[in-house]
Amino acid sequence: MTKLKQKHIDNMLRQTFREEAEKIVVPSSDKLWAELQSRLEPHKIPELEEQAGNLLAKGTKPEKFDSFTFWKKHRYLAGIAAACFLMLIVTVSTLPEILAFIQGNKVSMEMGIRSDSADQADLMESENLTLEESFTLQGIDEGPAAPNNGKMDLSIKGLVDDAPMQIESFPLGRGDEKSDTAEEKLETLFFTDEENFVSSLRKSKFHYTEEIWQIKVAPKDFSFKSAVITNKENSLLNVFQEYEGPEGKIMTLIQEFFNDGEVLDSGINTADSLTHPIQVGSYSGHLLRQPYGFHMVIWMQNNSRVTLSGQLSEEELFEVLNSLEK
Amino acid sequence: MEQSNLEKLYHQHFNKTYRSAYLVTGDHQLAEDAAQEAFLKAFANMEKLRDIEKFGSWVSVIAANYSIDLLRKKKRMVFTDSIAIHADKNPEASPQDSWEKIETAQEVRDALLLLEPDEREILVLKYFNDLSIDEIASAIETPSGTIKSRLFRARKKMQKLMQPKKQEKRLMNKVSSKL
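In order, the protein sequences belong to chains A and B. If you count by the numbering used here, then the first sequence holds residues 1 to 326, one letter each, in order. If you count by the numbering used here, then the second sequence holds residues 1001 to 1179, one letter each, in order.
Bound conformation, chain A alone (with noise of 0.2 Å):
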């Protein structure tokens, strides 16, 4: 016998009260405080009074950071984030490894210079190999030979010294490509003017196949916040669109690109109650409904992924996607 799961379980109650709450005809409490305050002793009214004045006083401190909802917000830092603290990673943990090889760890420096039999002459001269350079052949020996590893070595410095790293210049280093082409930069274009993001993605978009979606109608309001455009060797990686509405209320439209070969999903869990099947246009993807009023929808298209999610309405979710444009 098959069991229910209890994580699927845990959703569905979720969903059934808040359903069951939304339906809930609340009266109005203006006529209740009314009725409550004649069951409130009057003679202890200001003292309970003062106690409320007290713990609202105490409450009215600065917002905490939520790094939850800043991460939601900025979906495309995270991806530089991760990035970074990946490659942060990679040095802490061949840090050993390179101080064994300045401490004259032989059997390492032989891997290094049996690697790069091309340059066989050029490291028998490096004897006395500096951290930046025994680095850069630990570097050769997983990939195939750079052919100038001078900015190599300082970008590796910066990461393991002091990390003084830009959005602008920030090297990315893949395991499955080589290190002569390694030197990858993302260019990040920040607009809060619409009319200067619309020019500019109408100047990407010309260059490519791909169809890529600008919102055309925000829902009631909402109003145009920031975009990003995100290009990595003159390709696009991503177009990040967000409308801010009330009560702080955020809708972005994220789309993400990926090269010939590179293989993406959703990410989405079918199994999960929340997520509902949907077509957009021609593309097959998924609806999700989670708590609080969030709702997502992502597919999947021939070169890229777009998520259009925020605090709306299903109904309002679905006029904003009928309403993308090209």
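One thing to keep in mind: the hints can contain errors.
Under the rule of at most 16 Å between Cα atoms (straight-line distance), these lysine to aspartate or glutamate pairs were calculated in the EDC-like manner [said to hold, decoys possible]:
1. B:LYS1016 to B:GLU1037
2. B:LYS1054 to B:ASP1134
3. A:LYS225 to A:GLU242
4. B:LYS1041 to A:GLU49
5. A:LYS58 to B:ASP1069
6. B:LYS1008 to A:ASP10
7. A:LYS31 to B:GLU1032
8. B:LYS1148 to A:GLU242
9. B:LYS1157 to A:ASP10
Hints are computed from structural coordinates only; laboratory data are not their basis. Remember, predicted model here, so these are calculated numbers, not experimental data.
Go by the hints and put chain B onto chain A.
Structure of chain B alone, referenced to chain A:
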């Protein structure tokens, strides 16, 4: 006229408190009584509260707890049944999918009706109010272990209550596919 501090707190937390009480009792009059009593009790014991941010969850727990007392006096529990409004808006979903979803939602409601009030209360506090075990325990002044076991019991019961229907449905599907 400017609202008093008590009034501010009341209006700010009334809706959630009322809804919590209604989810436990399924009765508007009982929910209203429970919410009013909860605010009276919360205001009277305000010196015990250290953090104003906890006021909402605190008063909700009191209301849910008080709902059980009221329910015991007047045994009644009804959930709304307007399931039609939950019809799936997914245009691609087949009528079968939509119906299964509605059926599942109804199964959860049916199972909730069969729970003891204190079991339903713990599920409301956990899954509707999103409170942790410790928050519930401290508000009801009950050991965390008791709350944990009550929650465990309620979840297991839900699982048992829903299981036979799932089995039944699977068998029906199997039979209908062979026909």
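Structure-based check of all given hints:
no.	hint	verdict
1	B:LYS1016 to B:GLU1037	15 Å, holds
2	B:LYS1054 to B:ASP1134	12 Å, holds
3	A:LYS225 to A:GLU242	6 Å, holds
4	B:LYS1041 to A:GLU49	15 Å, holds
5	A:LYS58 to B:ASP1069	33 Å, violated
6	B:LYS1008 to A:ASP10	33 Å, violated
7	A:LYS31 to B:GLU1032	12 Å, holds
8	B:LYS1148 to A:GLU242	41 Å, violated
9	B:LYS1157 to A:ASP10	12 Å, holds
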